[in-house]
Amino acid sequence: MASIAHSQDAQPSEPLGPAPVVRTPAGEVRGVMLGDANAAYLGIPYAEAPVGDLRFAAPVKRAPWEGVQDADRYGGTPLRDYMMGVTLIPEPSFPGEDTLLVNVFTPKPGDLSAKLPVFVWIHGGGFMSGSPSSPWYDGGAFPRDGVVVVSVSYRLGVDGFGSLEGAPDNRAVRDWLLALEWVRDSIAAFGGDPDQVTIGGQSAGGSAVLTLLAMPRAHHLFRAVIAESPGAFGSSREAAVARSAVLAKRLGISPTRKDFAALDEEVVFKEQKKMGDEEMGPQMIKGLTAEGGGLSAWAPFVDGDLVPYSFKQAFEQGTGADKPLLIGATAGEFEIAATMMPAVLDWVPRPVALRLAGFSGARRRTYGTATPGKPRLLFGRVMTDHVFRFFVTRTLAARAAKRDAETFAYDFRFRNPDNGIAGHCIELPFVWDCLDSENVAASTGPNPPQDLADAAHSAWVAFIRDGAPGWPAYDAKERQGMVFDRQSRTTAVYTRESDLVAALSA
Numbered sequence: 029m030a031s032i033a034h035s036q037d038a039q040p041s042e043p044l045g046p047a048p049v050v051r052t053p054a055g056e057v058r059g060v061m062l063g064d065a066n067a068a069y070l071g072i073p074y075a076e077a078p079v080g081d082l083r084f085a086a087p088v089k090r091a092p093w094e095g096v097q098d099a100d101r102y103g104g105t106p107l108r109d110y111m112m113g114v115t116l117i118p119e120p121s122f123p124g125e126d127t128l129l130v131n132v133f134t135p136k137p138g139d140l141s142a143k144l145p146v147f148v149w150i151h152g153g154g155f156m157s158g159s160p161s162s163p164w165y166d167g168g169a170f171p172r173d174g175v176v177v178v179s180v181s182y183r184l185g186v187d188g189f190g191s192l193e194g195a196p197d198n199r200a201v202r203d204w205l206l207a208l209e210w211v212r213d214s215i216a217a218f219g220g221d222p223d224q225v226t227i228g229g230q231s232a233g234g235s236a237v238l239t240l241l242a243m244p245r246a247h248h249l250f251r252a253v254i255a256e257s258p259g260a261f262g263s264s265r266e267a268a269v270a271r272s273a274v275l276a277k278r279l280g281i282s283p284t285r286k287d288f289a290a291l292d293e294e295v296v297f298k299e300q301k302k303m304g305d306e307e308m309g310p311q312m313i314k315g316l317t318a319e320g321g322g323l324s325a326w327a328p329f330v331d332g333d334l335v336p337y338s339f340k341q342a343f344e345q346g347t348g349a350d351k352p353l354l355i356g357a358t359a360g361e362f363e364i365a366a367t368m369m370p371a372v373l374d375w376v377p378r379p380v381a382l383r384l385a386g387f388s389g390a391r392r393r394t395y396g397t398a399t400p401g402k403p404r405l406l407f408g409r410v411m412t413d414h415v416f417r418f419f420v421t422r423t424l425a426a427r428a429a430k431r432d433a434e435t436f437a438y439d440f441r442f443r444n445p446d447n448g449i450a451g452h453c454i455e456l457p458f459v460w461d462c463l464d465s466e467n468v469a470a471s472t473g474p475n476p477p478q479d480l481a482d483a484a485h486s487a488w489v490a491f492i493r494d495g496a497p498g499w500p501a502y503d504a505k506e507r508q509g510m511v512f513d514r515q516s517r518t519t520a521v522y523t524r525e526s527d528l529v530a531a532l533s534a
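Residues in the sequence shown are numbered from 29 upward in steps of one, following this note's numbering.
Just so you know, these hints were derived from the structure itself, not from any lab.
Just so you know, not all the hints are guaranteed correct.
[What the hints assert, rightly or not] Distance ranges between label pairs, derived from CB positions:
(1) 506 x 290: 53 to 63 Å
(2) 64 x 287: 22 to 32 Å
(3) 530 x 432: 20 to 30 Å
(4) 266 x 350: 30 to 40 Å
(5) 398 x 92: 52 to 62 Å
[As the list claims (entries may be wrong)] Straight-line distance between alpha carbons at most 30 Å, and here's what the computed BS3-like set of lysine-lysine pairs gives:
(6) 143 x 89
(7) 277 x 301
(8) 286 x 298
(9) 89 x 136
(10) 351 x 136
(11) 302 x 351
(12) 301 x 286
(13) 286 x 351
(14) 277 x 298
(15) 301 x 143
(16) 505 x 340
(17) 351 x 340
(18) 351 x 89
(19) 277 x 302
(20) 302 x 286
(21) 505 x 351
(22) 430 x 340
(23) 298 x 89
(24) 402 x 89
Virtual Cβ for every residue (Gly too), placed ideally from N, Cα, C.
Kindly produce the complete structure, drawing on both the sequences and the hints.
Next up, the structure:
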C-alpha cells in the first residue's frame with residue numbers, strides 16, 4: 029500500500045502517477061494516485077496564510093488562483109519541529125507559511141455524480157500539537173470502502189486559542205468552520221456529497237467535533253459526529269485570558285495581538301511548550317479531580333458569540349441532539365503515563381496517594397474502593413477516568429435524555445500485549461485499518477489482529493454511510509454499546525463510570 033513520505037520535503041512516496049485535475053471553486057488542483065482507489069490531493073489551502081497582518085486574526089477565505097495548482101505533497105503544518113515532544117502516533121511537521129490546508133483522499137476524483145459520504149477528520153494533540161498529515165490517515169482504507177476523507181489543519185496553542193487584546197477569540201474554531209465551508213463548497217468536485225458529511229476526531233480532535241456539535245452556527249455543515257476519546261479540556265474565557273497573560277509575562281510582552289505578532293513564532297512556541305512541560309505533575313492530577321476540572325490546555329471556550337454553550341449546557345438542553353453521535357474511549361487512556369512515574373511512588377500508602385490525587389473523605393473511599401491497584405497505576409486511572417471516561421459517561425447520559433437522534437457508545441478494550449494497556453490512540457490503527465503503517469506496533473504491540481481492524485473500520489464506515497455502526501443505540505436503562513477486544517461484543521458499557529460519576533457528584 030503506497031503512502032506519503034514524511035520527510036521535511038513532503039514528497040510522495042511510491043506514487044502510482046498523477047491524479048486527475050479537479051476543478052474547485054477556487055481553482056484547479058492536480059493530485060497523486062496512492063492506490064487504485066485512492067487519489068490524494070494534498071495541501072489545498074482553504075484560507076490565506078495566517079502570517080503578517082493575518083496572524084492572530086480570523087481566518088480569511090483563500091482567494092482564487094489561476095492555472096493548475098500541484099497538490100501532490102503535504103503543505104506546511106501549524107505543528108513545528110520545535111513544538112514537538114513525545115507523541116503516540118507519527119505526527120510529521122512540515123515547514124511553510126501556508127498552514128491552513130486540507131488533504132483530500134478520494135476514490136472518485138472529478139466525478140460529480142458519485143455523491144460519496146465524506147469523513148472530515150480533525151486531529152488530536154491536546155490543541156498544542158498534532159498533524160493532519162500522519163501516515164496513519166493516508167493509506168486509503170476509507171476511500172477503498174467508498175468514503176471521501178478530508179483531514180484538516182488548524183492553528184495550535186496560543187495562536188489558535190489564546191485570548192489577546194485586539195484579536196478575535198477561538199481562532200482555531202473559526203478555522204474549523206472555514207474548513208467545513210470549504211468542504212461544503214468544494215467536495216462534490218472530489219466525488220463527495222456535501223449533504224453527507226460526518227465530522228470526526230480523536231482526543232483533542234474529539235473535543236473539537238463536540239465543540240462544533242455544541243455550536244448551532246456549525247450545524248448546517250455536517251450531519252453526524254464521531255468523537256474518539258474526547259477529553260475534558262478545561263478552559264474558559266477567564267482561564268484563556270489568565271493563561272495568555274502568564275505566557276506574555278514570560279515573554280516580556282503585553283497580552284495583546286500587536287505584541288505577540290511582533291515576536292518570531294519560534295520564540296512563542298518554544299516558551300509555551302516549556303510552560304506546558306512545567307505544568308505536568310501531581311498538581312495537574314489533583315486539578316483533574318476538582319469540580320469542573322479538566323486538562324489545563326489551550327482549548328475552545330465559551331465566548332458568548334461563536335461558542336455560546338459549554339458541553340454540559342449544550343447537551344443537557346439538547347443542542348445538536350438531532351445529529352447521530354458515535355462516542356467512546358479506550359480502557360486505559362493515560363495508564364501509560366503512570367508507568368513513566370518513579371517506581372518509589374508504589375511505596376506510598378493508597379490513602380495518601382488518593383489524597384495527593386485530590387480526593388478527600390467519602391470521595392476518597394468511594395473512588396478507592398472502585399479503583400484497585402498500586403499507587404502509580406492509581407494515578408494513571410485517575411487521569412484516564414477524569415479526563416476521558418467520566419466525560420464520555422456524562423455525554424452519553426445527557427444525550428440519552430435528549431434522544432432526537434441516536435447515540436452509539438463504544439469501549440475499546442484491546443490491550444497491547446507488551447504492556448497490558450489499552451492506551452491512548454490504540455484504536456486509531458484499527459479504525460483506519462492501517463495495521464501495516466509506520467510505528468503501529470508501538471501502540472498495539474506485535475501482530476495486531478486484523479479481524480479487530482475489520483470490525484472497527486467497518487463500523488466506522490457504516491456510521492459514516494448510514495448513521496448507525498451496527499449495534500443498538502445507547503439508552504439510560506440498558507446502557508448498551510460495543511466493546512472492541514479480541515472477542516468484540518455488545519454489552520452494557522461504562523457502568524462503573526456511571527456509578528462513580530453519580531456517587532462522586534452526590
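Going down the list of hints, with the structure as the test:
1. 506 x 290: 53 to 63 Å: Because 58 Å falls inside the window, the suggested range holds.
2. 64 x 287: 22 to 32 Å: 52 Å Cβ-Cβ, so the 22 to 32 Å window is violated.
3. 530 x 432: 20 to 30 Å: Holds, since residue 530 and residue 432 (Cβ atoms, about 24 Å apart) stay within the stated range.
4. 266 x 350: 30 to 40 Å: Since residue 266 and residue 350 have Cβ atoms about 32 Å apart, the given range 30 to 40 Å holds.
5. 398 x 92: 52 to 62 Å: 58 Å, holds
6. 143 x 89: 25 Å, holds
7. 277 x 301: Holds - the C-alpha atoms of residue 301 and residue 277 are around 15 Å apart, at most 30 Å.
8. 286 x 298: 19 Å, holds
9. 89 x 136: 26 Å, holds
10. 351 x 136: With Cα atoms ~27 Å apart, residue 351 and residue 136 stay inside 30 Å; holds.
11. 302 x 351: Distance ~39 Å between residue 302 and residue 351 Cα, so the pair is violated.
12. 301 x 286: 21 Å, holds
13. 286 x 351: This hinted pair is violated, its Cα atoms lying about 40 Å apart.
14. 277 x 298: 14 Å, holds
15. 301 x 143: Since the Cα atoms of residue 301 and residue 143 sit roughly 43 Å apart, the hinted pair is violated (cutoff 30 Å).
16. 505 x 340: Measuring from Cα to Cα gives roughly 21 Å; hence the hint holds.
17. 351 x 340: The hint holds at about 17 Å.
18. 351 x 89: It holds: about 27 Å lies between the C-alpha atoms, which stays within 30 Å.
19. 277 x 302: With a Cα-Cα distance of about 14 Å, the restraint between residue 277 and residue 302 holds, given a limit of 30 Å.
20. 302 x 286: Holds, because 22 Å separates the two Cα atoms, which is no more than 30 Å.
21. 505 x 351: 21 Å, holds
22. 430 x 340: 13 Å, holds
23. 298 x 89: 29 Å, holds
24. 402 x 89: 53 Å, violated
Violated hints for the displayed structure, listed by number in ascending order: 2, 11, 13, 15 and 24.
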